[in-house]
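K.L.:
Single-letter residue listing:
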Amino acid sequence: DVKVTQSSRYLVKRTGEKVFLECVQDMDHENMFWYRQDPGLGLRLIYFSYDVKMKEKGDIPEGYSVSREKKERFSLILESASTNQTSMYLCASSLIRARLMNTEAFFGQGTRLTVV
Amino acid sequence: AQSVTQLDSQVPVFEEAPVELRCNYSSSVSVYLFWYVQYPNQGLQLLLKYLSGSTLVKGINGFEAEFNKSQTSFHLRKPSVHISDTAEYFCAVSEGSGGGADGLTFGKGTHLIIQP
Numbered sequence: 001d002v003k004v005t006q007s008s009r010y011l012v013k014r015t016g017e018k019v020f021l022e023c024v025q026d027m028d029h030e031n032m033f034w035y036r037q038d039p040g041l042g043l044r045l046i047y048f049s050y051d052v053k054m055k056e057k058g059d060i061p062e063g064y065s066v067s068r069e070k071k072e073r074f075s076l077i078l079e080s081a082s083t084n085q086t087s088m089y090l091c092a093s094s095l096i097r098a099r100l101m102n103t104e105a106f107f108g109q110g111t112r113l114t115v116v
Numbered sequence: 001a002q003s004v005t006q007l008d009s010q011v012p013v014f015e016e017a018p019v020e021l022r023c024n025y026s027s028s029v030s031v032y033l034f035w036y037v038q039y040p041n042q043g044l045q046l047l048l049k050y051l052s053g054s055t056l057v058k059g060i061n062g063f064e065a066e067f068n069k070s071q072t073s074f075h076l077r078k079p080s081v082h083i084s085d086t087a088e089y090f091c092a093v094s095e096g097s098g099g100g101a102d103g104l105t106f107g108k109g110t111h112l113i114i115q116p
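First to last, the protein sequences are chains E and G. Those letters in the first sequence? Residues 1 to 116, per my numbering, in order. Those letters in the second sequence? Residues 1 to 116, per my numbering, in order.
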């Protein structure tokens, strides 16, 4: 079974703190993604990566950065947390489309971040 | 750019009744289409996907969906729902432009509420 593991289910951080959300996948997937989920807005793509040390901005990258030093690990960084970053954060991974026609994304359980 | 519209934010249905969750997409190129389900406090799980071939696709838990290119729709159906189907359902699209990792674009979700 593909497993995508997010390091924390729940986090509470203070405004201005630097926050790291970690994600690890065990299926040698090239692609990794970070989404945030908010009621009434669905899932919105923050950043994605299709290879080690490669990153691309998604739809809402402001206030976030990412790091992919190893293929299996993709970190989301909130440089200075703010209350409007309180949300559910979901990590996902998938094989590259060119390698196989299967572009299914596998998701972690999510991290519910509250910034106070 | 691709986009996804889920026309209903909430759908209440009686147990054992049929249900249809609507999804329309817009894209200038060929697409891959997905339905994901999210049970309370969990990540997203793939229900079914359309990549190519037959326009009627069957998924897990008795769900099926039909790809209609002329109407740019991918509606999800189940002939008889169970209380355990109560969840949030997300339609998603990925453009089939080959290569890369553009990520999935999600609709805002439909909350399926099963009433006894």
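It is possible that some hints are incorrect.
Stated by the list, open to error - Keeping only pairs whose Cα atoms sit at most 16 Å apart, straight-line, the calculated EDC-like set for lysine to aspartate or glutamate is:
# : chain 1 : residue 1 : chain 2 : residue 2
1 : E       : K13       : E       : E79
2 : G       : K49       : E       : E104
3 : G       : K108      : E       : E22
4 : G       : K108      : E       : E62
5 : E       : K53       : E       : D38
6 : E       : K71       : E       : E22
7 : G       : K58       : G       : E20
8 : E       : K70       : E       : E30
9 : G       : K69       : G       : D85
FYI, nobody ran anything at the bench for these hints, they're computed from the structure.
K.L.:
Holds or violated: are the alpha carbons of K70/E and E30/E at most 16 Å from each other?
P.N.:
The given pair, whose Cα atoms are some 10 Å apart, holds under the 16 Å limit.
K.L.:
Holds or violated: are the alpha carbons of K49/G and E104/E at most 16 Å from each other?
P.N.:
Status holds; Cα separation ~8 Å.
K.L.:
Are the Cα positions of K108/G and E22/E separated by 16 Å at most?
P.N.:
25 Å, violated
K.L.:
K108/G and E62/E: Cα distance at most 16 Å?
P.N.:
With Cα atoms ~20 Å apart, K108/G and E62/E exceed 16 Å; violated.
K.L.:
Is the straight-line distance between the alpha-carbon of K53/E and that of D38/E 16 Å or less?
P.N.:
28 Å, violated
K.L.:
Can you confirm whether the C-alpha distance between K58/G and E20/G stays at or below 16 Å?
P.N.:
14 Å, holds
K.L.:
Decide if the proposed pair is consistent with the structure: K13/E and E79/E, CA atoms, cutoff 16 Å inclusive.
P.N.:
The given pair, whose Cα atoms are some 12 Å apart, holds under the 16 Å limit.
K.L.:
Need the status of pair K69/G, D85/G: alpha-carbon distance at most 16 Å?
P.N.:
Since the Cα atoms of K69/G and D85/G sit roughly 27 Å apart, the hinted pair is violated (cutoff 16 Å).
K.L.:
Check the hint pairing K71/E with E22/E against an upper bound of 16 Å on the C-alpha distance.
P.N.:
13 Å, holds
Comparing the model with each earlier hint shows violations of hints 3, 4, 5 and 9; every other hint is respected.
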